[in-house]
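K.L.:
Taken in order, these protein sequences are the chains called A and B. The first sequence: position 12 = 12 (the numbering used here), numbered continuously. The second sequence: position 31 = 1031 (the numbering used here), numbered continuously.
Source of the hints: derived by calculation from the structure; they are not laboratory data. The reader is advised that the hints may include incorrect statements.
Stated by the list, open to error - Pairs of lysine to aspartate or glutamate, DMTMM-like flavour, derived with a Cα cap of 20 Å:
1. K89/A x E99/A
2. K1024/B x D1076/B
3. K1024/B x D1127/B
4. K89/A x D1076/B
5. K1024/B x D95/A
What the hints assert, rightly or not - The following label-pair restraints were derived from C-beta to C-beta distances:
6. V1031/B x K89/A: 22 to 32 Å
7. R90/A x A1104/B: 33 to 43 Å
8. L1005/B x T94/A: 35 to 45 Å
9. P4/A x M1073/B: 37 to 47 Å
10. G1099/B x F97/A: 25 to 35 Å
11. M1001/B x M57/A: 22 to 32 Å
12. H1126/B x R90/A: 47 to 57 Å
13. R90/A x L1005/B: 45 to 55 Å
14. W55/A x I1106/B: 19 to 29 Å
15. N93/A x M1073/B: 17 to 27 Å
16. T94/A x L1120/B: 17 to 27 Å
17. S1107/B x R90/A: 18 to 28 Å
18. P1121/B x P4/A: 17 to 27 Å
Every residue, glycine too, gets a C-beta built ideally from N, C-alpha and C.
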Amino acid sequence: MIVPLLHVLILAGILFVLGLVCVLVWRSNIIMMLIGIEVMLNAAMLAFVGGANRWGMADGQVFALMIMAMTSAEVSLALALVVYLHRRKRTVNTDEFSEMKG
Amino acid sequence: MEQTLFYILAVVAVIATGFAITEKHAVHAIVYLVTSFFALAAVFYLLGAPLVAVFEVIIYAGAIMVLFLFVIMMLDLGHPEKAGRPGSRDWWPALLLGGITLAAVISLFSNQQPTAPGKLPFVSIHDFGRTLFQNYGIAVEVISMQLLFALVGALYLGRRR
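With the sequences and hints as input, model every part of the structure.
P.N.:
Okay, here's the thing in structure tokens:
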């Protein structure tokens, strides 16, 4: 372990909070919200890898890989939804999508 | 040496992410985010996970971010610089909530007594593959089904009608 686990977890916490702030601030832009979710998932991966290094187990790295696969599935679906919604309303502003029909 | 490198890369990742979330253009934000992911990949390598570092560069910076770029360039977003960035009304509640969360996390972590780690086994790629396909074989199958469903869903949503 080159640095204490505490420092790795604090870095992961800072990155997670930055992603959270991104999601909360850019409520009106659906693409920036997705970017915030990416940042948060990366912070979770960093916490997993730090734990794997601290205890010398490969399980944390395996779950980092699982998060990566989950993210790629999520992003492909979410971006397909963005394209679909943009085709309907010609905008990516989430306030425009408050109705169910039309 | 490695410690210094870790802290430098951590600062680079945090600053690049900070620029990414305040940037008005989505394309610029994604370029900053790629910088942040490269720094994080180097952090993963320093933490003894070379395979995760390589996948971070290939899948995150290489595939997911390029997918974002493709979609942003495919959509006709007009002039994003005229849309304006969120005002202070949007910023202060988010910063307040984020600050509270961060303070809670840091105070929680720093209460733990740091235990001196003994000589730990190095996680080699061999161990990684063995754990992945022996202990978590079912999870790999479930993930493959999930990727297939995501592919079908994206094709269904993206078709022209």
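K.L.:
Taking the hints in turn, state whether each one holds.
P.N.:
Do the hints match the structure? See the list:
1. K89/A x E99/A: Distance ~11 Å between K89/A and E99/A Cα, so the pair holds.
2. K1024/B x D1076/B: holds (16 Å)
3. K1024/B x D1127/B: Distance ~44 Å between K1024/B and D1127/B Cα, so the pair is violated.
4. K89/A x D1076/B: At roughly 12 Å apart (the allowed maximum being 20 Å), D1076/B and K89/A satisfy the hint.
5. K1024/B x D95/A: Holds, at about 18 Å.
6. V1031/B x K89/A: 22 to 32 Å: holds (27 Å)
7. R90/A x A1104/B: 33 to 43 Å: holds (41 Å)
8. L1005/B x T94/A: 35 to 45 Å: Once the Cβ atoms are compared, 40 Å apart, the range 35 to 45 Å for T94/A and L1005/B holds.
9. P4/A x M1073/B: 37 to 47 Å: holds (43 Å)
10. G1099/B x F97/A: 25 to 35 Å: holds (30 Å)
11. M1001/B x M57/A: 22 to 32 Å: 26 Å Cβ-Cβ, so the 22 to 32 Å window holds.
12. H1126/B x R90/A: 47 to 57 Å: holds (53 Å)
13. R90/A x L1005/B: 45 to 55 Å: Because 47 Å falls inside the window, the suggested range holds.
14. W55/A x I1106/B: 19 to 29 Å: holds (22 Å)
15. N93/A x M1073/B: 17 to 27 Å: About 19 Å separates the Cβ atoms of N93/A and M1073/B, which means 17 to 27 Å holds.
16. T94/A x L1120/B: 17 to 27 Å: violated (46 Å)
17. S1107/B x R90/A: 18 to 28 Å: Violated - the Cβ-Cβ distance for S1107/B and R90/A, about 47 Å, lies outside 18 to 28 Å.
18. P1121/B x P4/A: 17 to 27 Å: holds (19 Å)
Comparing the model with each numbered hint stated earlier shows that hints 3, 16, 17 do not hold.
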